[in-house]
Amino acid sequence: MNEFFRQVLFLPEQASTFARDVDHLHYVILSTAMFMATLIFGLAGLFLIRYRRRSESQATRKVQTSLFWEVLFVGSPLTVFLAWFFIGYHDFVWMQTPPPEAMDVYVVAKQWMWKFTYPEGPNSIGVLRVPVGRPVRLLLTSRDVIHSFYVPAFRVKQDALPGAYTQTWFEVTRPGRYRVMCAEYCGLKHSEMWGEVVALSPEDYAAWLREQSAGPVALRDATPGAPERDEPLVPARLAMEYSAEAPHGELMTAERGTLAERGERVAAEKGCLRCHTVDGTAHIGPTWWGLYRREERLEGGGTVVADEAYLTESMMKPQVKQVEGYALVMPSFQGQLDAAEVAALIEYIRTLRGARRDDIRPGGPVYEPIDGR
Amino acid sequence: MNPSMAGSLAEPDYLNHETTVRSWLLTRDHKRIGVMFLVLVIFALLLGGTFAMLLRIELLTPGPTIMGPMTYNRVFTLHGVTMVWLFMIPAIPSAFGNFVLPLMLGAKEVAFPRLNLASVYIYAAGAALTLFGMVWSGADTGWTFYTPYSTTSPTAVTPILLGVFIIGFSTIITGLNFITTTHTLRAPGMHWSRIPLFVWAIYGTSVIQVVATPVLAMVLVLVALERVAGVGIFDPTRGGDPVLFQHMFWFYSHPAVYIMVLPAMGVISEVVCAFSRKNIFGYRMIAASTFGIAFVGFFSWGHHMFVSGQSTFGSGIFGVLSMLVAIFTAIKIFNWVATMYGGAIDLKVPLLYVLGFIFLLTFGGMTGVAVATTSLDVHWHDTYFIVAHFHYIMVGSVLMAFLAALHYWWPKMFGRLFPERWAFVAACTIIFGFIVTFLPQFLLGNMGMPRRYYQYPSEMQWLNVLSTAGASLLAFGFGLIGIYLLWSLRYGKVSPASPWGSRGYEWFSASPPGPHNFREPPRFEREVHDYTVSEAPHVY
Ligand code: HEM
Ligand SMILES: [Cu+2]
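These protein sequences, in sequence, are chains X and P.
Numbering follows numbering that gives the first Met the number 0, in which position 158 of the first sequence is assigned residue number 157; successive positions increment by one, without gaps.
Numbering follows numbering that gives the first Met the number 0, in which position 538 of the second sequence is assigned residue number 537; successive positions increment by one, without gaps.
The hints are simulated quantities; they were obtained by calculation from the structure and are not laboratory data.
Hints may be right or wrong, so weigh each one.
As the list claims (entries may be wrong) - Covered stretches of chain P, as calculated for chain X (at least 3 residues, CB under 8 Å): (1) 156-169; (2) 269-283; (3) 308-321; (4) 373-384; (5) 447-456.
Source: prediction; values computed, not measured.
We treat Cβ as the ideally placed atom computed from N, Cα and C, and that holds for glycine.
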């Protein structure tokens, strides 16, 4: 039954834990909706025949509504719609809530490619490798404009925003290769911004990780400005053919470590650490330890929460919000830090925290290793 | 062009009492202004339609077909901008609203005739600026102008933003004019409980326009400022919030879909009565649901942003509220169908479009309920399913109602009848073509084809080809309509004052009406569309 409906509705394969449940609701809603719509339209057709005009001067009698019909007309569809909504919302909450044991992968979108960074080290462009049967949480951000990470086979989609993090998660149910597309219009090669998720058995995945940490990539020295190929690695023309035997190729970049580690390197290199400490001691500038989401008092009154926006602003226009008790000596880094470096710095600052879970505001997207690594 | 056949008994009508170009360009007659708008929006429709055909031809093959990706991106932007801002928003209120609303109220004029004329020129200026931007370098942002893409794109986004901004003023002025006219210029006998449903629809629309358009104006100016002066409102590297734009944009643009659809619904209410020869079923429910939609429509914008990173709870609220909007729409559909019950139905061309409308609105609305179901929308968002959904419900209904109105009021406006048979063929072609164009797009969305795609996986090709075939049928249908309507202006049969036997109030005036609408002040002594008594036709 499931298979029949799936094919009639042209839905892609169901490769994640959500896919089946989402599809089942899809079948129910679409078939009921189409049934109701056909009924209404059929009734109109019936009236058309039954009450066709017989003479030019035919008068009609006036038909008035009664309360009974009004309530029935409004009440019954409303009940049905709300029922659908609540079932759907139940699934939606599930899809929005990553389980605590999920493994994290950072995703950086950029015109026009996807870059995946694993906490264990390796980076990859275009291809995301995940183990089957384990929840994977993606932490998404973008370097330029809004992109949207979309895997039709998983029924998963999430926008990647510049300057902010969003999250989504999935658990793949069987090994295979699944197409990733960008669903938010992002410019010239929007329709070529493809990648793939390669789901491996847990053993294969472990083997791959081992290989990465021992391979030549790991040995190369990591530099923050490591060049990235500007071409997407899975151009549409190639992905169109989409054969499992011939992988589209991927690039393991020379960068090592997580975004946060990269941020640490950027901080050292650009001279941030000459004035800011990372261990809580005060210096020429405020310390970064515990800075993220801290409430800062400002010179001239008022406070500000040190969120992503504030951190970015402080790097670009330090004079706009000056922290109380510090001299205005910080230069602007406008033009000296590219978006990727800003992101890495923010990452780094976010990890500099004592109590990890407690100070996170619930609701918004959070960036935080769930298992407290 | 003189429908009164130059007979000596014919009184001058609004078309021929003065015929200089100047008398048209400086007219303060709402009917002439309506006709001017009609010409302008039809031009916009043709332009947008041409772009649409180019898009569909490009999508015939998975890879490049007739243009490069940059051109494609510009063409879909121009298609969207032209269709939404230049055609769908002004079409029915500015063209038909201007023409028939004062007639329906028994008024000689709208409340502010000079402002009304100004609104034509403001619209034209905005349209010209937009077209200039298109010719100059053409924006590639989509009609939604999402930041930060729109603030960083190297193309000419600014003139287009300003063009749309200017058009907004035209909309606001027209709205204010209609509101005031409805309040102050009703003829004797026209109680609030007798106001025709088309007027109610235009009135509700005007309220939304006046309230929401300033928000759009604001956000467009902010984007323009960010582009020109580099203020950091939406750009995260300058401390801005990229999602803020989406909230502000949809706060206008979600109600904007009702700015487009409510007037269409008003037309349907009129036409369904006239051709079923019945009073409307549930007058008060239809009028009230208009305001229900206008109100709740303001609180459902977040359903465009389920995957934007907004809070899960917020998505839930917006989902529930969207369901309420759906209910108000459902009420109207039930009432139109119920109006046919016990009627004396004559399936003339305008009614055929009404059936097309009901079909598209019902199926489109049902898919709207489906996308408001949060978990399903995650898969559908930004795919062709959405494209199909809003073409069914928004484009389908505006187009069907526009064509219904055009045919229904054609004799009123120009005093000529169009050839019924040709019109019937054209209507069937258009409705069928529309379904063939957009039905495959629902399936494409299910397969996972994102919108605004220049290239797509090859397994999606045949559905795209089918869709292009449907679009060609549509184009053919429009060509047909253009030909026979132009033909009828000269050679069509002269129409009697009320060719359809309609009891709508606007038919109390001559067809076409004289320069001051009525020879003597009209009195409305019965309900609108009251067919229970036989009535001698009386032209005021
Ligand atoms: C009455 C007329 C309606 C019109 C004119 C209309 C129009 C539109 C348009 C233009 C869009 C696309 C926006 C975009 O992404 O660019 C859209 C999307 C949407 N509509 Fe409708 N709609 C209507 C009714 C409804 C109803 C009744 C519902 C809900 C019950 C609904 C739910 C949605 C949702 C949830 C989306 C967003 C889907 C997404 O972007 O993923 N719509 N609609
Ligand atoms: Cu993208």
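State whether the coverage of the region 308-321 of chain P by chain X holds or is violated, taking the criterion as 3 or more residues with Cβ-Cβ distances under 8 Å. Coverage by chain X holds for the region 308-321 of chain P (8 residues, Cβ < 8 Å).
Can you confirm whether chain X covers the region 156-169 of chain P, using C-beta to C-beta distances below 8 Å and requiring at least three such residues? Check failed, 0 qualifying residues.
Annotated coverage of the region 373-384 of chain P by chain X, confirmed only when three residues or more have a Cβ within 8 Å: Holds: 8 residues of the region 373-384 of chain P have a Cβ under 8 Å from chain X.
Within 8 Å of chain X (C-beta), three or more residues of the region 447-456 of chain P: holds (count 9)
Using C-beta distances, would you say chain X covers the region 269-283 of chain P, given that this needs three or more residues below 8 Å? holds (count 6)
Of the numbered hints stated above, the single one contradicted by the structure is hint 1.
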